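Construct all of the structure, not just a fragment, from the sequences and the given hints.
Those protein sequences? They're chains A and B, same order as listed.
In my numbering, each residue's number is its place in the first sequence (first place is 1) plus 21.
In my numbering, each residue's number is its place in the second sequence (first place is 1) plus 21.
To be clear, the hints were calculated from the coordinates, so they are not data collected in a lab.
Keep in mind that the hints are not guaranteed to be accurate.
One copy or any two copies: either way a pair holds, since identical chains are not told apart in the list.
Only pairs whose alpha carbons sit at most 25 Å apart, straight line, appear in this in silico BS3-like list of lysine-lysine [claimed, not checked]:
hint: 1; residue 1: K312; residue 2: K196
hint: 2; residue 1: K150; residue 2: K173
hint: 3; residue 1: K128; residue 2: K236
hint: 4; residue 1: K232; residue 2: K46
hint: 5; residue 1: K236; residue 2: K50
hint: 6; residue 1: K281; residue 2: K173
hint: 7; residue 1: K67; residue 2: K114
hint: 8; residue 1: K112; residue 2: K312
hint: 9; residue 1: K74; residue 2: K312
hint: 10; residue 1: K312; residue 2: K173
hint: 11; residue 1: K173; residue 2: K67
hint: 12; residue 1: K114; residue 2: K312
hint: 13; residue 1: K236; residue 2: K344
hint: 14; residue 1: K114; residue 2: K37
hint: 15; residue 1: K281; residue 2: K114
hint: 16; residue 1: K344; residue 2: K173
hint: 17; residue 1: K67; residue 2: K112
hint: 18; residue 1: K312; residue 2: K281
As the structure is a computational prediction, the values presented were derived from the model and not from experiment.
Protein chains: 2
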Amino acid sequence: MSEIFVGIDVGGTNIKIGCFDSQLKLICKTSVATEADMGPEVVVDKMAQTVEKLLADAGLSWQDVCAAGIGTPGPANYRDGLIISATNMPKFKNIPIRRMLSERLGKPVVFENDANAACWGEYVVGAGKGVRDMVFFTLGTGIGGGIICDGKLVHGCGGNGAELGHIIIYPDGRKCNCGQRGCVEAYASANSTAKRATEAIEAGVQSSLKKVLEKRGEISCKDVYEHLAAGDELARQIADETAKALALLCVNVLHATEPKRIVFAGGMIAAGDILLNRIRDYFNEQIWSLKAETVQIVFATLGEDAGIIGAAALGKQLIASVKNSNNIF
Amino acid sequence: MSEIFVGIDVGGTNIKIGCFDSQLKLICKTSVATEADMGPEVVVDKMAQTVEKLLADAGLSWQDVCAAGIGTPGPANYRDGLIISATNMPKFKNIPIRRMLSERLGKPVVFENDANAACWGEYVVGAGKGVRDMVFFTLGTGIGGGIICDGKLVHGCGGNGAELGHIIIYPDGRKCNCGQRGCVEAYASANSTAKRATEAIEAGVQSSLKKVLEKRGEISCKDVYEHLAAGDELARQIADETAKALALLCVNVLHATEPKRIVFAGGMIAAGDILLNRIRDYFNEQIWSLKAETVQIVFATLGEDAGIIGAAALGKQLIASVKNSNNIF
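Next up, the structure:
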């Protein structure tokens, strides 16, 4: 009999679900529309049905499922298993998601912040393998974060630690969606990178990106890196500012929890070496020379599966810890 | 028979030593000159002799000493018990201080960064009591730090985590002693606060502090807060900049490890409420409103004894963990 762990990654648009073996190798995965406006009971039921169908289609036995992990966007009360609120899921207010899913599945469930789940996935089988201290950033619409100290996720007193996108790097700088000024997220997320390019063009700066803006009505972060590769000067400046902001973030987390490895993930890392090398260069410029060589700055390796892998891995860890504590289970 | 724990706090000038009971109540304490230029063997021998005399004078039995803790300035390899180098102790290079002291005392010894030891002291019996997540700052010549996540000190991959004074808050700002630009230490340590006042006066800014500078040739941080209390405008500006820098530091550590309590210690907190209230005000101005109420910003309560209490408490924890692991000891 084999052991199966289920990982569920809830986003505003889609829910990703994967089944993993005890080595956290992917057996099968699928994705369904979140349809959060149907309310929590319908969504939880859909999750369970999707898991059941996924297992059946793969010829797997429900009995072999040991545990599931679920990652959702914050803010939430992860200790008590509650979604407190979620920007894209207005009907999910104070929802005991962990209990609901556990009862529906009849299996133990671990509930975690989505960025922490992806961080844990990279830590266990991805870019963080082999270290005990890691910091993780996702570069997407915003900037999410995860911190692992001595092999453990940092949750903070209220379960909302590692919101690293809201570290202030430019006091009195650009306004962030959170209300603070000068957050790294206001400079270096994919959205902010695109937004800064758009603002510069609207302010009259010459750039090959201007045609994109005129044609499509908007510029994406991908456009910025493509036009940088093609030699556009504004794109270079914008990308440099992004890299410098991310390098400052690396300096600051290094002085906080001293990770051995800093892992960048999210859609923006598709920009590749042109992004990574610039972050590393600015980091080496900024950092105290004594510490420059202690940290490795790398890209994530698990892609979009990090969330489901991490959630499943947390389920596996739960079972292991229960076994270790010699409880009957 | 009572249990005794010894705490040793090594500074460039003095070594503080205290004996504590199992409740970490101070039994007796003393202080001796470090005389680091005599070399590590002489200094270790002096520590041991001082402990012996301290116990004898208090009528305590050597046999009741369970363990000792020692805190020293970094950088060091705390895992292996080595002082790698120390600014004020040039003869202490790659010194296996933990083993030397343990052999000389014939007792188990815990070796820790001095700021971490003080942080642990405040956590166990001082301003951090009752929480599981805390961040600690010492405001002195520089700014030291300590982080506790879920009841454990954060050491980082090389034992040099929580060097929070070197978090960059003003990119391309003032040069810090570490070589970086814009570290919070370059703005908000006691030394930097005094230095910024001195620079302003030398640049021609009018201030009642000018007479102090002319008379003594230097301005202290204490002078700045005294002249602020007396209504001096420059002193107010300088103190405001210090408080704003410390508030930014609070915002950033809150987003990193989400402490329940942030504790300020060190000579500078003698400035009192005028400092604390300004930090709190700037913090509330800067922070994401959702998070403003989750953290308590307070002053340390143990004063200069925090280091010896924390070191002794770490010794106590060592013994407890050995007992818990059921090893023969």
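**Prompt:** Going through the earlier hints one by one, which of them does the structure break, listed in rising order?
**Reply:** Hints 3, 4, 5, 9, 11 and 13 not satisfied by this model.
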